[in-house]
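S.K.: Work out the full structure, taking the sequences as your base and the hints as a guide.
Protein sequence lines, in the order shown, are assigned to chains F and A.
Take the first sequence: its position 197, counting from 1, is numbered 197 in the numbering used here, and each next residue is one higher.
Take the second sequence: its position 105, counting from 1, is numbered 105 in the numbering used here, and each next residue is one higher.
What the hints contain is simulated information worked out from the structure, not anything from laboratory work.
Idealized CB from N, CA, C, for every residue including glycine.
Check before you lean on any hint, since a few could be wrong.
[Stated by the list, open to error] Taking lysine-lysine pairs in the DSSO-like style, the calculated list, with each CA pair at most 30 Å apart, reads:
#1 F/Lys29 x A/Lys68
#2 F/Lys209 x A/Lys106
#3 F/Lys29 x A/Lys108
#4 F/Lys174 x F/Lys209
#5 A/Lys108 x A/Lys91
#6 F/Lys29 x F/Lys209
#7 A/Lys106 x F/Lys29
#8 A/Lys91 x A/Lys106
#9 A/Lys106 x A/Lys124
#10 A/Lys124 x F/Lys29
#11 A/Lys91 x A/Lys124
#12 A/Lys64 x F/Lys29
#13 A/Lys124 x A/Lys108
#14 A/Lys91 x F/Lys29
[Unchecked claim] Some chain A residues flagged as far from chain F (calculated, every beta-carbon gap over 10 Å):
#15 Ala23
#16 Glu46
#17 Asp49
#18 Ala60
#19 Asp104
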Amino acid sequence: MGARVRNGILHSCEARIIGFRNQAIITVKGDGDPRRRRFSIAHELGHWQHHRGRSSICRASEIGNFSQGNAGIERQADNYAADLLMPAYLFRPLATAHRRPSFAAIDALAAAFSTSRLATALRFVDLSPWPCMIVCHGQNGRRWFRRNGGIPHHWFPRDDLDPESDAMDVLYGKADRARPTIIGADAWFDRWNADRFNVTEECVQGFGKEVLALLTLPDQMLE
Amino acid sequence: MVIVSGTGGPVPPIVRLADELVADIMDMSDAELLAEIEAEGLNAEEEADRMRAMIAIATAQSGKLRLKAARAEIDRAAGTPRGQVHQLPLKERAAVLARFANDDTKLKSRLTMAARNGEGITEKELDDILADLRELGAIDEDGNPI
Numbered sequence: 001m002g003a004r005v006r007n008g009i010l011h012s013c014e015a016r017i018i019g020f021r022n023q024a025i026i027t028v029k030g031d032g033d034p035r036r037r038r039f040s041i042a043h044e045l046g047h048w049q050h051h052r053g054r055s056s057i058c059r060a061s062e063i064g065n066f067s068q069g070n071a072g073i074e075r076q077a078d079n080y081a082a083d084l085l086m087p088a089y090l091f092r093p094l095a096t097a098h099r100r101p102s103f104a105a106i107d108a109l110a111a112a113f114s115t116s117r118l119a120t121a122l123r124f125v126d127l128s129p130w131p132c133m134i135v136c137h138g139q140n141g142r143r144w145f146r147r148n149g150g151i152p153h154h155w156f157p158r159d160d161l162d163p164e165s166d167a168m169d170v171l172y173g174k175a176d177r178a179r180p181t182i183i184g185a186d187a188w189f190d191r192w193n194a195d196r197f198n199v200t201e202e203c204v205q206g207f208g209k210e211v212l213a214l215l216t217l218p219d220q221m222l223e
Numbered sequence: 001m002v003i004v005s006g007t008g009g010p011v012p013p014i015v016r017l018a019d020e021l022v023a024d025i026m027d028m029s030d031a032e033l034l035a036e037i038e039a040e041g042l043n044a045e046e047e048a049d050r051m052r053a054m055i056a057i058a059t060a061q062s063g064k065l066r067l068k069a070a071r072a073e074i075d076r077a078a079g080t081p082r083g084q085v086h087q088l089p090l091k092e093r094a095a096v097l098a099r100f101a102n103d104d105t106k107l108k109s110r111l112t113m114a115a116r117n118g119e120g121i122t123e124k125e126l127d128d129i130l131a132d133l134r135e136l137g138a139i140d141e142d143g144n145p146i
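M.R.: Have a look at this one:
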């Protein structure tokens, strides 16, 4: 691809790519989590593949940031990184081999692909055969969510956390994670008929003061 | 089916012939292929195994060649002297960088030097980026575009 990769000491960013004509130098933070570093390199390669000729300086908040507000080119680079590190033809059969969606399955896949829990969870939601979604909340409400393609768009998660949800305990530091639990769908969705269904929720700590909830919807909610 | 070997440049006749042969095979139905193999007095399973083995060897050889090329490129890059632009005064070095990023608003904002409590780049990062640009052949030792 004409790109060289180096570790470096970076203060203002997580990674950068300096490109000129058909050559580029990618520099990533040499310290920190090696899984994160792998994703950062793949992200910069995504820039090189899609935005060749341009240089880019990426802050930590722009790499692997799946909030709706993340800029288009950063999202494109993230998608490239996910495709590169977790190719669908390898990831899909391994994901399907698990009996149900769970963070245990996601963590096992993360270990197999040397990727972060978050990046793996998002790939899992995209490629697994189950109707599941990941919702991320901070103390000021919902930050972002990602749902499997099989879930109808009218199942849009609430902005706020329901006090009944275990996510509350994880968010406020009472627990690192919460076991899978069945809870009324109206705890997560404020659609008119949400109280007729139950969903399975499993929660773990995210980055900083965030909680990640993995929701699995029953087939009846897919109609 | 059109198969194009390589990228750009004239294609040698032997490669064109190979492409044509592959295209002919790919255009054949399974039944036609099996009939041809039987007509040659060959065993279809054995031929399939033989072909798979040949493809696996070719793939491995191609991978080794690419790895060797990448290693050579790393060695070559390691021998390339990093630039000396950092001997210019700081203000001039910052100007070189600003000129480089002139057409890209986002990049330009990121390349602004860190003010007190600011989020811009540090002097060390500035020098590293200039060294990258020197190494890539974008600027000369005085910071002028090449």
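S.K.: For each hint, tell me whether it holds in the structure or not.
M.R.: Do the hints match the structure? See the list:
Proposed proximity of F/Lys29 and A/Lys68 is supported: the alpha carbons are some 26 Å apart, at most 30 Å. Taking the CA atoms of F/Lys209 and A/Lys106, the gap is about 28 Å. The hint holds against a cut of 30 Å. Between the alpha carbons of F/Lys29 and A/Lys108 the distance comes to roughly 21 Å, so the proposed pair stays at or under 30 Å and holds. Annotation: proposed proximity of F/Lys174 to F/Lys209 holds, straight-line Cα distance about 12 Å (limit 30 Å).
A C-alpha spacing of about 15 Å is found between A/Lys108 and A/Lys91, which places the hinted pair at or below 30 Å, so the restraint holds. The straight-line distance between the Cα atoms of F/Lys29 and F/Lys209 is roughly 23 Å, inside the 30 Å bound, and the hint therefore holds. For the proposed pair A/Lys106 and F/Lys29, the alpha carbon gap of about 21 Å is at most 30 Å, so the pair holds. Only pairs whose Cα atoms come within 30 Å are accepted, and A/Lys91 paired with A/Lys106 is accepted, the gap being roughly 20 Å.
Using a Cα cut-off of 30 Å, the hinted pair A/Lys106 and A/Lys124 holds, with the two alpha carbons roughly 20 Å apart. Distance hint between A/Lys124 and F/Lys29 is fulfilled; the C-alpha atoms sit about 14 Å from each other, no more than 30 Å. Between A/Lys91 and A/Lys124 the CA atoms are separated by roughly 14 Å; this keeps the pair inside 30 Å, and the hint holds. At most 30 Å may separate the alpha-carbon atoms for a hinted pair to count; A/Lys64 and F/Lys29 meet this at roughly 29 Å.
Annotation: proposed proximity of A/Lys124 to A/Lys108 holds, straight-line Cα distance about 17 Å (limit 30 Å). A C-alpha spacing of about 26 Å is found between A/Lys91 and F/Lys29, which places the hinted pair at or below 30 Å, so the restraint holds. The claim that A/Ala23 is not at the interface with chain F holds, since no C-beta of that chain comes within 10 Å of its own (minimum 25 Å). For A/Glu46, the requirement that its beta carbon stay farther than 10 Å from each beta carbon of chain F is met, with the minimum near 28 Å.
The claim that A/Asp49 lies off the interface holds: its Cβ sits roughly 23 Å from the closest Cβ of chain F, which is beyond the 10 Å cut-off. A cut-off of 10 Å between C-beta atoms confirms that A/Ala60 is not in contact with chain F; the least separation is 19 Å. Residue placement check: A/Asp104 does not keep its beta carbon more than 10 Å from all beta carbons of chain F (closest about 6 Å).
Checked against the numbered hints given earlier, the structure breaks only hint 19 and satisfies all the rest.
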